[in-house]
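> Residues per chain are reported as follows:
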Amino acid sequence: MTCKEIPSVIDAYLDGELSVSATLEAHEHFAACQNCRRIVESEAALHGLLVQAARAEPVPPRLRSDVLCNLHIGQPRFHPARRLVARFGLVSSFVGLAVLAWLATERLVPRPMTPLAAELASKHLLYGEGRGGALELVTSESAEMGAWFQGRLGFPVRLPSVARRPERLVGGRISSVADAPAAYALYERSGRPISLFVTRRVPFAQRGWSERHVDGAEFYVGSLSGVVLVWWEEKQADRLYAAVSGDDEEALVDFARLCVRAEQSRPAGAALPVRFAARSLAAPALRRRRRHRSVASRRGSAPR
Amino acid sequence: MSSREQADRDRVRRFEADVLVHLDDLYRVALRLTGNAAEAEDLTQDTCLRAFERLDQLRSPAAGRVWAFTILRSIFLRRIERQTRAPGADVIESPLLEAGEVLQDTYEALRPIQQTPLSEVREALDRLPLPYREPLVLAHVGGFSYKEIAEILAIPLGTVMSRLFRARRLLRSELREPARRTWSGG
Chain A
1 MTCKEIPSVI
11 DAYLDGELSV
21 SATLEAHEHF
31 AACQNCRRIV
41 ESEAALHGLL
51 VQAARAEPVP
61 PRLRSDVLCN
71 LHIGQPRFHP
81 ARRLVARFGL
91 VSSFVGLAVL
101 AWLATERLVP
111 RPMTPLAAEL
121 ASKHLLYGEG
131 RGGALELVTS
141 ESAEMGAWFQ
151 GRLGFPVRLP
161 SVARRPERLV
171 GGRISSVADA
181 PAAYALYERS
191 GRPISLFVTR
201 RVPFAQRGWS
211 ERHVDGAEFY
221 VGSLSGVVLV
231 WWEEKQADRL
241 YAAVSGDDEE
251 ALVDFARLCV
261 RAEQSRPAGA
271 ALPVRFAARS
281 LAAPALRRRR
291 RHRSVASRRG
301 SAPR
Chain B
1 MSSREQADRD
11 RVRRFEADVL
21 VHLDDLYRVA
31 LRLTGNAAEA
41 EDLTQDTCLR
51 AFERLDQLRS
61 PAAGRVWAFT
71 ILRSIFLRRI
81 ERQTRAPGAD
91 VIESPLLEAG
101 EVLQDTYEAL
111 RPIQQTPLSE
121 VREALDRLPL
131 PYREPLVLAH
141 VGGFSYKEIA
151 EILAIPLGTV
161 MSRLFRARRL
171 LRSELREPAR
181 RTWSGG
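Taken in sequence, the protein lines are chains A and B.
Just so it is clear: in the first sequence, position 124 is 124 by my numbering, and no numbers are missing.
Just so it is clear: in the second sequence, position 14 is 14 by my numbering, and no numbers are missing.
Only chain B is shown next, with the shape it has when bound in the complex (with noise of 0.2 Å):
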């Protein structure tokens, strides 16, 4: 075996123990934030290929994954700005969580949350604006820290901590309203 063949075996090795052991959750995330299947599959796809273009750029197997969740966020927000019609790229009409602001909700008129049907969660996920979305899904489905994640998203750490706040808040609202819809059409 030639010495450039073993250099790419190694790299290919590297890139493996580095970012593809989180290719599940990169597939996850990528299907959250496109909605898409096909797309999340096309994403997470290029996502791998950019990486391992760039992996002499990761310092450190450390990073490997918020490097990885970085680069997919990347290629995502390029795609959704070219796109004429970007159904992600809601704009924020209402102002970010102040600070102090309290919940509320009245969690007793809320009906239990245990029962709603994941599918449902899924859609009201789907339908939460592109900036409260990509807080919660990382939080959620990526598993990361409000650190990692304001590294992810290039935002401070408190605008991390109010976006969540408000994502939870806005999804709880979402998944309210089926059961509003079947109390008021009893």
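Next up, chain A with everything else stripped away, as it sits in the complex (with noise of 0.2 Å):
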């Protein structure tokens, strides 16, 4: 091997990659070249220093139990029908198959969780239950939280005032729901947390929750592993609202409608009008319960 060569092979032997007798031809290069042994030598510190900035980060202690935590909410449950059909193979069959499937998850049979709700469900843990460890801003002004969400994600986050109620802001972080970027902010209520999700609207969200309408709101309620979740959406600005909290569903909807007239309150012009929405993820019993409660209340909600 030439010291011509050398450059072209460089990378490629400090990484490992070249043949064995490449490797042998150009340590034997190195070892007679003292010039571009130095070349050599300097190409490797720069290898060594990238693989210790890398190594030298702390990884977070509690990451490994937070993800195993979040396993067992969002764990799927229909995987087997799901390859169950894959197996038929033939596109004509997958699809007909698929639409049949479709059908009766949706209409016989209760869907026990959506993607949406362990979503939320499992960053409320993580997030809430730290008691803002995990904020990357820590603050009770609501304006104040509000404009670095704006400045952080590009679009406007309004949050409510909460000066003469019983939660308290806490803080806030960005985060993600459904892959796209949201806003998230910490709120307390006698020492428990309510977790307030902004975002894009997701697709067919609403499948598997059930609806409540309150004060002309539309909202989508739920629970999942002693989490209430509830959930609405502005459609003109394309956005989803969830709060979060493992306190009872009537104070959490209380807190949501508070969202609610502070999004309803924006100045004059700005002003956009909001469909709210909500449904069980509890079990049978309870969605039953809720429907009879609330039937008063609800208009044009379908049979199942």
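Quick caveat, the hints were computed from the structure, so don't treat them as lab data.
Here the structure is a predicted model, which means the values were calculated and not measured.
Virtual Cβ for every residue (Gly too), placed ideally from N, Cα, C.
Just to be clear, a hint being listed does not mean it is correct.
Using C-beta positions, here's what the derived DEER-type ranges look like [what the hints assert, rightly or not]:
#1 A:Pro58 <-> B:Pro61: 24 to 32 Å
#2 B:Ile80 <-> A:Gly48: 27 to 35 Å
#3 A:Arg165 <-> B:Arg127: 40 to 48 Å
#4 A:Thr139 <-> B:Ile80: 20 to 28 Å
#5 B:Glu81 <-> A:Gln264: 28 to 36 Å
#6 A:Gln264 <-> B:Leu157: 52 to 60 Å
#7 B:Asp10 <-> A:Pro58: 27 to 35 Å
#8 A:Arg207 <-> B:Gln115: 56 to 64 Å
#9 B:Ala63 <-> A:Arg207: 30 to 38 Å
#10 A:Pro156 <-> B:Ile80: 16 to 24 Å
#11 A:Pro203 <-> B:Gln115: 47 to 55 Å
Now that you have both chains on their own, put them together as the hints suggest.
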């Protein structure tokens, strides 16, 4: 191997990608040529620095336990059925069976969870139960928090004023929901965390949830692993809001209404119509009870 | 214990053995891709959640590492595509290294690179355009071979080599800048 060939193989040499014979040839050349040896030493130093720089970064000690904790919540329930469908192979059969499976799960089988519910509940437990440890900005000022979100996310996030309320804003961070960037604000009521997510609307998110209509607003409500979830949409701005807590449903819906009022109190000309909704992810019996209770306030819901 | 519970436990055990064993490297790669600890943690969480959901797609435990990093990159790219301002989504303005192009740097002019503080190396790495940063991070943080990097990034092997080569040259230039500023200031 000559000095002219060395620059084109030096990376592969240091990355261990050269063949054994080429590695030996390069090695022999470095032993004999001081100039090329200086080059390879300099390159090796750069390689070493990159590894050191990465390895010296501490990994959050709770990361592993957090991941494992969230797995149980996010566990899929219908994979065996999906696998069964996939094995049929032919595209026409696949499409036909998929439609039938969808109809069956939507109309006959109560879905115990949805990916959206699992993600929101997971992140609530991850960020909310840490009592502010995962927050990027700690503040009790709604306006400051909203401005911080807008600067990071590029869209306005109007947070409710909790001055005369039992809730207290703790802070927020940038998160994600359904792979889209999301604002995450953490509130506290009587020592219990309430998470508020603001992100873009999620397609077909309503499936599997039940609706509640309160004061003309439409909410989707559900519960999962002891966590209550309420979400609603602001269609014109393409936004989805979700509130999550370990409190009871009524308290969380009350907080959601506060958020809706904050959104509706935007300056004249900026007000946007809102459509809100909620679905029970709890046991079927509980869902039936809830439907019965709220029957007077419901409008036009299809029988199941 | 019901058969369902047993199946769940087996699934978690398999996930731990095939995917979660790479958690530290997943986080470190996420950190260098996002440049932010909170986002890296979020990205790692989402990657693990998706890997767990799709664990049945993993054919062999040996492929778990490449598979997990492919998922991580896929989620990362989707996020920066959806962000209105994507700081990592740089456009390559200069052409990739041509075949046969050789090193032009005069190594004698470089300050001893071993003395570079690690924080400076990280900052320089974060400033690299994404197409160069990705293979470099996968090679040095993930410890992947050229072939594995090509698989994760879905690009030809030759492109991996040329991007790595150019990435290191760019990084050298970045690391040299502070020294130049010091010299001119003195």
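> When the hints from earlier in the document are held up against this structure, which numbers fail?
Hint check: nothing fails, all pass.
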